[in-house]
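If you're matching them up, the sequences are chains C and U in order.
Sequence positions in the first sequence follow numbering that gives the first Met the number 0 and run 0 to 296.
Sequence positions in the second sequence follow numbering that gives the first Met the number 0 and run 0 to 296.
Quick caveat, the hints were computed from the structure, so don't treat them as lab data.
The beta carbon of each residue, even a glycine, is placed where N, CA and C say it ideally should be.
Among the clues, some could well be false.
As the list claims (entries may be wrong) - Derived, one-sided and incomplete: chain C residues facing chain U with beta-carbon distance under 8 Å:
id: 1; residue: 5
id: 2; residue: 14
id: 3; residue: 22
id: 4; residue: 60
id: 5; residue: 124
id: 6; residue: 142
id: 7; residue: 158
What follows is the residue order along each chain.
2 protein chains.
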Amino acid sequence: MDEGIVFTGDEFVRPEEASFSIFDAGLVWGDAVYDVTSSWNNWIFRLDEHLERFQCSVEGFRLNNPYNHDEMRRICAECVSRSGLQNAYIKVQLTRGLIKNQTSQLSWQGDCKFITYAMPYVWIWGEKKSKDGGNLFVSNVERISSNAVDQRFKNYNRADLVQSRFEAYDNNCDDSLLCGPDGYLTEGPGYNVFLVKGGNIYTPSSNILEGITRLTVRELCDMEHIDLNETNIYPNELQEADEIFCSTSAGGILPVTQLNSIPIGNGHKGLITSRLQKLYWKKRDKGWHGTHIDDLI
Amino acid sequence: MDEGIVFTGDEFVRPEEASFSIFDAGLVWGDAVYDVTSSWNNWIFRLDEHLERFQCSVEGFRLNNPYNHDEMRRICAECVSRSGLQNAYIKVQLTRGLIKNQTSQLSWQGDCKFITYAMPYVWIWGEKKSKDGGNLFVSNVERISSNAVDQRFKNYNRADLVQSRFEAYDNNCDDSLLCGPDGYLTEGPGYNVFLVKGGNIYTPSSNILEGITRLTVRELCDMEHIDLNETNIYPNELQEADEIFCSTSAGGILPVTQLNSIPIGNGHKGLITSRLQKLYWKKRDKGWHGTHIDDLI
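Construct the entire structure; sequences and hints are all you get.
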């Protein structure tokens, strides 16, 4: 944590200097939303769409954002620029801040605290496994229902994801997939999931974060004339898939080569997964859907 | 927030000085547990039981507590003593701390951060309403299922509670009650709930924090020869109750005199509620189930 830059709302500081109150409702009430994108060769990926989704999360949680869209764009670019990182993991975050009087409705408006930072690019399973394939565990922990916390709003109520990850580690897997209260597959800790079967692709349709990399997969599928279907998927359909992959800002398109330590297909990165992954990185290298930081500062 | 004392693990500081890293997994992953008790006339209420439950939450979340039971007892007493508050709200909290390398299983052990503080005693709905009666709203927001985040472990994944409270405010109510995924009544933001009907008392049995004040209500009922039943309760049974009350560390026994702005019974604090509330405070005044801070420091 020695690289990167944090904007605290007042100033740009080093990560180890970035702190906030232990009374912030973001911690104490899980009252916080965030969003993540990345820069690649100083091109920030789909910045407007990430910031628009972030603002939806802000409003969904009834928080108040002290910054508008254009200001956030500039702050993100400024963090990347000051960090000196060509390839960065970029997070925007809003917590409710301090609630001065818990029993006053007005106080519950809070004193919302906006934070943005740029850190070295994150490969969610490490670079090698994120590129070549991971071993996922289908968790017994249920994903928090959207009836309780609307999963369209990217938020920090993620204890279910943490416990599912521990369960995966217990079973010698790299990470996890969770089902929702209706028994259908949802997502993993920070990624959407896709099945390839008979040349078509299927992905869960509900109780998920509607990932922007997931949206990007749809675009890539259109380019490659592959059919992508949003649908209900039972977890037992996973083992019968020809290929499985995941999508996330923190690694792009991630092959899944084993499920519960049993090989998927031939146990190697699938052909369609490879095609989409190659296309994704070829286009990212050229600044696809990118906003160059020099155009913002 | 000008009164009180915080123990940060290293030192005792004033509340406004107590900060932690924005990268703490307690925030970023909702990976944090806590517990709350109170001191009254310098007697800490059921300290051992609260700390034992806290340790269950710690283990349930697979966190590592740097302090043992006796050390935590002394830290709590020291916070109360240093705060100079005769009546204090006392919280213990453990967050996972920093995860140095997200892709390393070992890193996920974290660098857990223990915090304790004593603040002025909290009346959850303000002193008057907490004593005389509140107006609760039965929320459309679902309580997070114990299948996702085990509600026996007191934790900060509470965005559902926040949104239900906003919904209550929208409807001119003071606070909320939530149902679980099975449609049964669970609890409110920080309290258990009880119905009185035909001289007997009923309280939800599942998807709840098993409150220590709730346990105390059972003891008071035994003393008063009132039958207390843990059972499944549908929300529509609330309106037919003779009385409703809640239990919490932050106010003791709280009468509920209106539900969705409709009076319960005659719209005043009920007779059984009054009896239990009086008995609770009479006993608290005398140091019931208490550990005196002078015996610990």
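Right, here's what the structure says about each hint:
1. 5: With a minimum Cβ separation of about 7 Å from chain U (threshold 8 Å), the hint on residue 5(C) holds.
2. 14: Check passed: Cβ of residue 14(C) comes within 7 Å of chain U, closer than 8 Å.
3. 22: Interface hint status for residue 22(C): holds (7 Å vs cutoff 8 Å).
4. 60: holds (7 Å)
5. 124: holds (6 Å)
6. 142: With a minimum Cβ separation of about 6 Å from chain U (threshold 8 Å), the hint on residue 142(C) holds.
7. 158: holds (5 Å)
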